[in-house]
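Undergrad: For reference, the chains in residue letters:
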Amino acid sequence: MATLGQVALLVTLALVVYATLAGGYAAWRDRSRLAESARNALLAAFATTAIASSVLVAGFVRHDFGLTYVAEHSSRELPLTYTVAAFWSGQAGSLLLWLLVLTGMSAAAVLLNRRLIRDTLPWTVPVLAGIACFFALVPVVVSSPFDTHPAPPNGDGLNVSLQNPYMMLHPPMLYLGYVGLSVPFAFAMAALLSGRTDERWVIATRRWTLASWTFLGVAILLGAKWAYETVGWGGYYAWDPVENAALMPWLAATAFLHSVMVQEKKGMLRVWNVTLVALAFALSLFGTFLTRSGVINSVHSFAQSSIGAWFLGFIAVVVAFSTVLVLARLSLLRSPARLESLASREAAFLYNNLLLVAFALTILWGVAFPLLSEAVRGFPVTVGPPYYNFFLRAFGLPLLLLMGVGPLIAWRRTSLRSFVRTLLWPVTAAILAGGLLVAAGAGSSTTGLIAYTFSVFVLVGIAHEFVRGTRARKSVGEETWVGAFCSLVGRNRRRYGGYIVHAAIVLLAIGVTASSVYGTSATGRLQPGEAIAVGSYSLRYVGLSERRGDNHDELRARFAVYHDGEPTGEVSAGKNRYHVEAFFSNAVAIRTDWLRAEDLFVITDQFNRDGSVDTTALVNPLVGLIWIAGAVFLVGSLVAMWPDAREQRRLARRLSQVEALARA
Amino acid sequence: MELLEPALAGLLVATTVAFVARPFLRDPRPASDAGRGGSDADRARPDLLEDLDRAIAAVKELDFDYRAGKLAEAEYREMRGRLRHEAAAAFARLESEPLAGRRVRTARRSREPARDDTRARQRGKRLRRSI
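Chains A and B are the protein sequences, given in the same order. Mapping of the first sequence onto the numbering used here: position 393 corresponds to residue 393, and the numbering continues sequentially without gaps. Mapping of the second sequence onto the numbering used here: position 2 corresponds to residue 1002, and the numbering continues sequentially without gaps.
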């Protein structure tokens, strides 16, 4: 079926090229039939990409090793779930996945918003199709998943790092996040091209941006969970360039989600918002470039290839195109509204934006500097965790504080008296918590103490906001407290969904701080019967065990676990040897104690000939909060994304007025 | 089976071409092929509606902030007065924009825009009462 796949890909390329050129001409010359035809081409491109993707998935499931890509990334022994996930394990497949998600999202965005942005839609189609041109061209010209060769009896197998349940979800989530950012970018550029820079492009893209941002956030956390359980060094985030590649667009999108509220409420920051959208999209392309070009050595960088130059060229085109367009439309984007006070909600959003963008650019510099150094001076310079940790403290702690202050102050301005009164409860709680933490011995780390104190401040501030809001709603109606609370959240889902997300970020901050500042570890070479102590735990090496899995052999060292001298069961850590791939991977032991909110993490670094094992044991406090934060983050995002009937009625009313006038 | 794959590929190409050409096949000689490009005044209209919606929302937001205890009585009264003035000004701008006369004339000819116009007038009255 390789021919069908190749034809489907070629047809996709032809369709998106047509949609770009014909759509651009139709928008420029105001031709309705040609614009509709270009839109149809974009919709059809999704169908043809889906056919190409189905052919590739069928190739994997049928073990069609005549397809080079299938032979290089799967084997007959590979379990079915990983066989399907092998689709995106290599460069050609992951680019096809990019294209599939992009054309799918483009089709959905164009269809769902056809009424709201009817007059900018003719420009949206060629911009989206233009992006798709690049992602259709690369699999056709540079790296095709449908190349064939004489079929070997078995494939090479799948990279063992990817044989993990989290890796089945992480890449699609990441791509949904990366690709999703192309929708707000296309709508913003279309608004600039058409000269319709009013609020509609913001409304049309709000949920797309929120969804992409949520996917990216969840993908980052899934990647962290994978690293924690699979890579086996005891941590979950190592400031690896590919990890940073996802964090940068997420930070830029976070800034946009905040600043766009200022545009909606006050009509300000229009230039800043289109710039942020372009920045987030360019960073998502840069992230794909880092992952797929092979320019960096990383545990996550699964490809070594020649597409780097193509990506850099495309990123340069995107940056140049959006910069020229923003500059050309500056007069339309200028707003008469001004910041009224430095102590207002919009000012807090502005500070938060500056910190988020500064942090994203700092990370970008850390990622790009070794590449630039190698290109200019001939040797790479490593930018390690101390650099990133310094800036995480420098920007992260003020951001945490602002997350608590921002929601408490009013729009436009707040007097000093009101400000002090509003902050009374959160500040009192934070000071009390700080005192208690010092008394409990948490003062050993100043950063930890500040982060915890700020976290309490934010959490109490959020709780206070819910209480005050519920009281305010109850004061205007005859609702019960529960009714007032539900109506409060229901009537302003974005705000209160946002507060839930803030609570998730606080949980994340507590988890990250505790596990990186207050963790303990111990290393030792253990003979059977010997023990190692770590924190309040003790591990006694019992002996070895072996087991044969579907496609690998398992070798495990068994340890009896004692907590405060009391036996609490057994854990096993060791190595897996994969048959086809001829590769060893770590299999760590993690015992989560939810009561004490800590993980006992055991790594067997080496099995020695004398029967001993080199063992590392860590106690990671509160690390479970990071995964709980992921669930809370998802709930908050869903609340914020949920359609608001009142807002939709308001928009429908406004649109009907605009359309009535257009008909006149 | 050897012919199946080329046949499927051919079908794919033919279906796609037909779908893309559909607007031209459906209406080969339209009376007008002009799209929805508009004048500068048309472009200004959503901005004015946006200003009005924003001003009304700002008054509601201020009321909520006051009830939630984020504002003192004096600053609430002062800001509310100013926001009411802004909302009224936004409404006046919308009413006096150059296309208003055209809308009224159209309202006489067409029933639906007339309903929109009536709605807008009713909304204006409600707005004046509420702020």
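Since the hints were made in silico from the structure, they are not lab data. One thing to keep in mind: the hints can contain errors.
[As the list claims (entries may be wrong)] Think about it this way: if two alpha-carbon atoms lie no more than 20 angstroms apart in a straight line, the pair counts; the simulated DMTMM-like pairs of lysine to aspartate or glutamate are:
id, chain 1, residue 1, chain 2, residue 2
1, A, K265, B, D1053
2, A, K266, B, D1033
3, B, K1060, B, E1050
4, A, K575, A, E554
5, A, K265, B, D1027
6, A, K225, A, D593
7, A, K265, B, E1050
8, A, K265, A, E340
9, A, K575, A, D553
10, A, K265, B, D1047
11, A, K266, B, D1053
12, A, K474, A, E530
13, A, K265, A, D240
14, A, K474, B, E1050
15, A, K265, A, E570
16, A, K266, B, D1047
17, A, K265, B, E1086
18, B, K1060, A, D593
19, A, K474, B, D1063
Undergrad: All the hints need checking, so say for each whether the structure fits it.
TA: Checked hints:
With a C-alpha separation of about 9 angstroms, the suggested pairing of A/K265 with B/D1053 holds against the 20 angstroms cut-off. Under the criterion of a C-alpha separation no larger than 20 angstroms, the hint pairing A/K266 with B/D1033 is inconsistent with the structure, at around 38 angstroms. Annotation: proposed proximity of B/K1060 to B/E1050 holds, straight-line Cα distance about 15 angstroms (limit 20 angstroms). Note on A/K575 and A/E554: the hinted pairing holds, with a Cα-Cα distance of about 6 angstroms set against a maximum of 20 angstroms.
Taken as a hint, the A/K265 and B/D1027 pair is broken in the structure, with Cα atoms around 44 angstroms apart against an allowance of 20 angstroms. Among the hinted pairs, A/K225 with A/D593 is consistent with the structure: their alpha-carbon atoms are about 17 angstroms apart, no more than 20 angstroms. In summary, the hint linking A/K265 to B/E1050 is supported, as the alpha carbons are separated by about 10 angstroms, within the 20 angstroms threshold. At roughly 13 angstroms between alpha-carbon atoms, A/K265 and A/E340 fall within 20 angstroms of each other, so this suggested pair holds.
A C-alpha spacing of about 8 angstroms is found between A/K575 and A/D553, which places the hinted pair at or below 20 angstroms, so the restraint holds. Taken as a hint, the A/K265 and B/D1047 pair is honoured in the structure, with Cα atoms around 13 angstroms apart against an allowance of 20 angstroms. Taking the CA atoms of A/K266 and B/D1053, the gap is near 11 angstroms; set against the 20 angstroms cutoff, the hint holds. For the suggested pair A/K474 and A/E530, the alpha carbons sit about 64 angstroms apart, so the restraint of at most 20 angstroms is broken.
Our distance criterion of 20 angstroms between C-alpha atoms is broken by A/K265 and A/D240, whose separation comes to about 38 angstroms. A hinted pair counts as satisfied when its Cα atoms are at most 20 angstroms apart, and A/K474 with B/E1050 does not qualify at roughly 30 angstroms. Of the supplied pair hints, the one linking A/K265 and A/E570 is violated, its CA atoms being roughly 58 angstroms apart against a limit of 20 angstroms. Annotation: proposed proximity of A/K266 to B/D1047 holds, straight-line Cα distance about 12 angstroms (limit 20 angstroms).
About 13 angstroms separates the Cα atoms of A/K265 and B/E1086, which keeps this hinted pair within 20 angstroms; it holds. Distance restraint check for B/K1060 and A/D593: the Cα-Cα separation of roughly 48 angstroms exceeds the 20 angstroms cut-off, and the hinted pair is therefore not satisfied. The hinted pair formed by A/K474 and B/D1063 meets the criterion: a straight-line CA distance of about 14 angstroms does not exceed 20 angstroms.
Taken one by one, the earlier hints fail for this structure at numbers 2, 5, 12, 13, 14, 15 and 18, listed in ascending order.
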